[in-house]
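Visitor: Taken in sequence, the protein lines are chains R and W.
Position 365 of the first sequence, counted from 1, bears residue number 364 in numbering that gives the first Met the number 0, the numbering being contiguous throughout.
Position 46 of the second sequence, counted from 1, bears residue number 45 in numbering that gives the first Met the number 0, the numbering being contiguous throughout.
One thing to keep in mind: the hints can contain errors.
[Said to hold, decoys possible] Cross-link-like lysine-lysine pairs, in silico, DSBU-like; alpha carbons within 30 Å at most:
(1) R:Lys11 <-> W:Lys73
(2) W:Lys63 <-> R:Lys11
(3) R:Lys160 <-> R:Lys242
(4) R:Lys204 <-> W:Lys73
(5) R:Lys293 <-> W:Lys73
(6) W:Lys41 <-> R:Lys388
(7) R:Lys82 <-> R:Lys12
(8) W:Lys41 <-> R:Lys323
(9) R:Lys163 <-> W:Lys63
(10) W:Lys41 <-> R:Lys120
[Claimed, not checked] Between beta-carbon pairs, the in silico distance windows are:
(11) R:Gly46 <-> W:Asn20: 47 to 55 Å
(12) R:Ile374 <-> W:Asn53: 46 to 54 Å
(13) W:Pro58 <-> R:Ser325: 56 to 64 Å
(14) R:Leu370 <-> W:Pro58: 24 to 32 Å
[Said to hold, decoys possible] To give an idea of the interface, some chain W residues facing chain R are shown, with a C-beta separation under 8 Å as derived from the structure:
(15) Ser10
(16) Glu11
(17) Thr12
(18) Asn40
(19) Tyr49
Bear in mind the hints are in silico, worked out from the structure with no lab data behind them.
These numbers come from a predicted model, not from an experiment.
In this text, a Cβ means the ideal position worked out from N, Cα and C, and glycines have one as well.
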Amino acid sequence: MEKQRYERPVIKKLETGMPNKFGLRSEYVPITHIEGNSVKELLSTYGSPLFVISERTLRQTMEKARTAFTTRYPKVQFAWSYKTNYLNAVCSVFHQEGSWAEVVSGFEYDKAVALGVDPKKIIFNGPDKSQEDLKKSIGNDSLIHIDHLDEFYTIVNISDKLKKKPRVAIRVNMDTGVYPMWDRFGFNYENGQAWDAISKIMHSKKMELVGLHCHIGTFMLAPSAYAIAAGKLADLAHAIQQKFNHEIKYIDLGGGFASRNTLKGAYLPGIDSSPSFDDFAEAVTTALINGPFKTEKLPLLILETGRALVDEAGFLLGTVISNKRSSTGRRITILDAGVNILFTSFWYDHKITPAQPFTHYTEETIVYGPLCMNIDVIRENASLPLLNKGDHVVIHHVGAYNMTQWMQFITLRPQVIMIDMNDKPHIIRDKETLGNINAVEHIPEHVKTLPR
Amino acid sequence: MMIINRNIAISETGFVFNPINGESFSVNPIGYEVISLMKENKQADEIMQYLLANYQVEPETCRKDLEDFMGMLKHHLLLEDKE
Ligand SMILES: Cc1ncc(COP(=O)(O)O)c(C=O)c1O
Numbered sequence: 000m001e002k003q004r005y006e007r008p009v010i011k012k013l014e015t016g017m018p019n020k021f022g023l024r025s026e027y028v029p030i031t032h033i034e035g036n037s038v039k040e041l042l043s044t045y046g047s048p049l050f051v052i053s054e055r056t057l058r059q060t061m062e063k064a065r066t067a068f069t070t071r072y073p074k075v076q077f078a079w080s081y082k083t084n085y086l087n088a089v090c091s092v093f094h095q096e097g098s099w100a101e102v103v104s105g106f107e108y109d110k111a112v113a114l115g116v117d118p119k120k121i122i123f124n125g126p127d128k129s130q131e132d133l134k135k136s137i138g139n140d141s142l143i144h145i146d147h148l149d150e151f152y153t154i155v156n157i158s159d160k161l162k163k164k165p166r167v168a169i170r171v172n173m174d175t176g177v178y179p180m181w182d183r184f185g186f187n188y189e190n191g192q193a194w195d196a197i198s199k200i201m202h203s204k205k206m207e208l209v210g211l212h213c214h215i216g217t218f219m220l221a222p223s224a225y226a227i228a229a230g231k232l233a234d235l236a237h238a239i240q241q242k243f244n245h246e247i248k249y250i251d252l253g254g255g256f257a258s259r260n261t262l263k264g265a266y267l268p269g270i271d272s273s274p275s276f277d278d279f280a281e282a283v284t285t286a287l288i289n290g291p292f293k294t295e296k297l298p299l300l301i302l303e304t305g306r307a308l309v310d311e312a313g314f315l316l317g318t319v320i321s322n323k324r325s326s327t328g329r330r331i332t333i334l335d336a337g338v339n340i341l342f343t344s345f346w347y348d349h350k351i352t353p354a355q356p357f358t359h360y361t362e363e364t365i366v367y368g369p370l371c372m373n374i375d376v377i378r379e380n381a382s383l384p385l386l387n388k389g390d391h392v393v394i395h396h397v398g399a400y401n402m403t404q405w406m407q408f409i410t411l412r413p414q415v416i417m418i419d420m421n422d423k424p425h426i427i428r429d430k431e432t433l434g435n436i437n438a439v440e441h442i443p444e445h446v447k448t449l450p451r
Numbered sequence: 000m001m002i003i004n005r006n007i008a009i010s011e012t013g014f015v016f017n018p019i020n021g022e023s024f025s026v027n028p029i030g031y032e033v034i035s036l037m038k039e040n041k042q043a044d045e046i047m048q049y050l051l052a053n054y055q056v057e058p059e060t061c062r063k064d065l066e067d068f069m070g071m072l073k074h075h076l077l078l079e080d081k082e
């Protein structure tokens, strides 16, 4: 007789009433496969933990976002926000889908150029563009989004030297009713800084003001905030038309749309509560269409959407190292994936699903990573089915910010694979090796010899 | 020796009721089997042999889980000390 699948014995006290802080149970079926590939086989082939990107989900999500905006507005352009996920394969998928590149450092700029992006379609944001970065990007006729006046004067200087008229926009910050207000980047709308910067640019005659930019925050749950932002930038564009008889070619509303993750402390899962692309598109395009523009003069709408386009396409697969109890009797499960590779567990209650069949019994569990550090908490409280040592789990919606903000700390960073449209896996980033780490280190000669 | 409290009522669906303090619990099927064996005065070693014979599980994991389960029974006042 074949032995039955084992599940550890558990007892749970029945309490009447409200769902507790462990939340409602959300995992009802195991995720044994991702895009036709068995989780178990993927882990045995590529090692655990493992990041998996679904090319299909990337393209489908892009399509949803594009459709939401292009059915409501005639001129729309997405620019892929590199910092969200700059793995070359991921950027390339977005570029194939027609996205420009949005970068915030010389490193990201060079990455986009190396991938073959037309430099005229690279938007260069951020407060820290070096003299060299600016020379290069102005020489390439990229779009420079000015963050502060020091940068403005540097650009004046460079344009004189290069005898070029750079194409620029200014970053505007503003009150959209969402707090905290992101006012450390760009020029403020309400106090007149933005208008002052615009006037300086127009009077300088050294650069062409082609756009107006803002990025009002990240993981925004209020579409109305984008309507306010679009309205304020439209008013600025109109004022520029009136005073300088100059046409603004584009309005760039940045990124920030919430993904379908669940923010820590939120009562409802993000899957049910985050606004859709349609909600955001409706708010933005209504504000622009009702604005001061003539139909044939509507500006191009640029969106630098990051997390909402990539979060869902990313999975982190891992393995249970051990189960134990805390001093207060709470169940603890330790995974081989920690916060060093899952930075977003500081923001989100990531959904975790077992990768093998389970029963409907659950335990209130604290999920830890493998680091010898107190901060290494993947979930402070999750109502999870019973997991055995060696079982596999799937952590959902990890595509944004993890594969850029991960740290090489205590362990090496794992492999990343992309599963293509025909369900075929491809390695898109190798597992880090000791050799990679040691290659950039140097030991001074006099500390090389160790005592025998 | 720890034995399961005589007064505890347990149903096949895994519903456990302690009439002494009115608390109720639910156990999974394997937990039900363990408590049933305890009611038959089976000792931890025998229970473990039974689980190993019937389930796909390593002895170390089984022992650890069983000890943990007994610990929870004790925590919930479902065990009593008997000489
Ligand atoms: C200027 C700019 N654009 C776009 C983004 C992407 O934002 P998100 O991932 O929230 O869509 C960011 C992120 O901080 C940003 O700073």
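Visitor: Run every hint past the structure and note whether it holds.
Guide: Status of the hints after comparison with the structure:
1. R:Lys11 <-> W:Lys73: holds, 13 Å
2. W:Lys63 <-> R:Lys11: Holds, because 18 Å separates the two Cα atoms, which is no more than 30 Å.
3. R:Lys160 <-> R:Lys242: holds, 29 Å
4. R:Lys204 <-> W:Lys73: violated, 82 Å
5. R:Lys293 <-> W:Lys73: violated, 77 Å
6. W:Lys41 <-> R:Lys388: With Cα atoms ~27 Å apart, W:Lys41 and R:Lys388 stay inside 30 Å; holds.
7. R:Lys82 <-> R:Lys12: violated, 46 Å
8. W:Lys41 <-> R:Lys323: holds, 25 Å
9. R:Lys163 <-> W:Lys63: Distance ~73 Å between R:Lys163 and W:Lys63 Cα, so the pair is violated.
10. W:Lys41 <-> R:Lys120: Violated. W:Lys41 to R:Lys120 sits at ~75 Å, over the 30 Å cutoff.
11. R:Gly46 <-> W:Asn20: 47 to 55 Å: holds, 50 Å
12. R:Ile374 <-> W:Asn53: 46 to 54 Å: violated, 41 Å
13. W:Pro58 <-> R:Ser325: 56 to 64 Å: violated, 25 Å
14. R:Leu370 <-> W:Pro58: 24 to 32 Å: holds, 29 Å
15. Ser10: violated, 13 Å
16. Glu11: violated, 15 Å
17. Thr12: With a minimum Cβ separation of about 12 Å from chain R (threshold 8 Å), the hint on W:Thr12 is violated.
18. Asn40: violated, 18 Å
19. Tyr49: violated, 12 Å
In terms of the numbered hints stated before, the structure departs from hints 4, 5, 7, 9, 10, 12, 13, 15, 16, 17, 18 and 19, listed from lowest to highest.
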